[in-house]
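Colleague: Assemble chain B onto chain A, guided by the hints.
Sequence lines, in order, name chains A and B. Using the working numbering, the first residue of the first sequence is number -8, and each one after it goes up by one. Using the working numbering, the first residue of the second sequence is number 2, and each one after it goes up by one.
Read the hints as simulated data drawn from the structure, not as lab findings. Treat each hint with caution, since some may be false.
[Unchecked claim] Under the rule of at most 27 Å between Cα atoms (straight-line distance), these lysine-lysine pairs were calculated in the DSS-like manner:
hint: 1; chain 1: A; residue 1: Lys81; chain 2: B; residue 2: Lys110
hint: 2; chain 1: B; residue 1: Lys110; chain 2: B; residue 2: Lys68
hint: 3; chain 1: A; residue 1: Lys85; chain 2: B; residue 2: Lys68
hint: 4; chain 1: B; residue 1: Lys61; chain 2: A; residue 2: Lys85
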Amino acid sequence: MQTHDFNPGINANGVFWTVPIPDNAVDVQFGAGEAFMALNNFAVSDYFNIVNALVRQGNVTLPPGVGPFGPDDIPARVSFDILWSGRGQKVHVKDATAGFRGTYLLDTSTVLSLSASEAAAGGQPSFQFFATSSTNEFSLLGHERNGRFFSQSDDGGDDD
Amino acid sequence: MSFSDPRLTILNYQGHVHPPGISRRQFLGVTASATGLALGAQLAWPRVAHADPPGTGTPKPIPGGIKPLPFAPNALFHVFPPPNTETTPFPEPSAITDFNGFVGISHVKGNGVGITGGGIPDTTLTYDIDNRFMTGEFIGTDGRHHRGTFGFI
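Looking at chain A on its own, in the form it has when it is part of the complex:
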């Protein structure tokens, strides 16, 4: 049973769980197949489970007899360091229907550290979490162009 779900929410214009972070939180060496992403005590919210998160963030009107799926979200903080390394399978993707293209390295990533915390709030006790192991399920490092960049720079040749 899922007990926590940390995410920053959906922007009013629909951008999903994606928020500005400092430029120096990410370092990419694409030619070497390496990247690093790190955030420390980044403010998010705990929605406790993903259905609760989607319903609340999507302003979904529940039919009679459906839900609720969880309590109100409460403020939380997450920290993590993620390393992408190695040069695995390289794939070139061009999808004119979706309007994107890119060159992607499918390889491994490793979570070097991961933790989360929240103060007691909303009837919930305080909570802390510390990861002790990680297993890569899937990772990707790529250069992508989409939307207007896809149509305007289709033959830019800078995917590699």
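Modeller: For chain B alone, kept in the frame of chain A given last:
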């Protein structure tokens, strides 16, 4: 990122109204077919015409996405689950559109310990994260070119 108690069975999503115990990855994954440290940023910025100087801006969502809620079939969320080497068609990794830059996805599972109410670790938990970054140039809601770095968290 999500945490769950491994002592409880994680159920596969079957399209019920109440999908208990489903992880973020499972939820996004099975619904895809329904429609989706101190660092020195040394980025090789892609060549782009009419690029303005770096600045703040609000990105726009990708046009497509998933409709994962069976009780709200019209609720569209502008994201696709992480692909894998066998996913066809390859779902778009970025969550923002009019974007030209680098993207990373890390889908990782693992174990950890939880501490409730302070004190010593009192719970063994599993976690499942799908974290991404997008860094590069984008055209914002203001119609202008910007450079920025974004985290999908």
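Colleague: Would you mind marking each hint as holding or not holding in the structure?
Modeller: Hints, one by one, checked against the model:
1. A:Lys81 x B:Lys110: 23 Å, holds
2. B:Lys110 x B:Lys68: 24 Å, holds
3. A:Lys85 x B:Lys68: Distance of about 23 Å is within 27 Å: holds.
4. B:Lys61 x A:Lys85: Holds, because 20 Å separates the two Cα atoms, which is no more than 27 Å.
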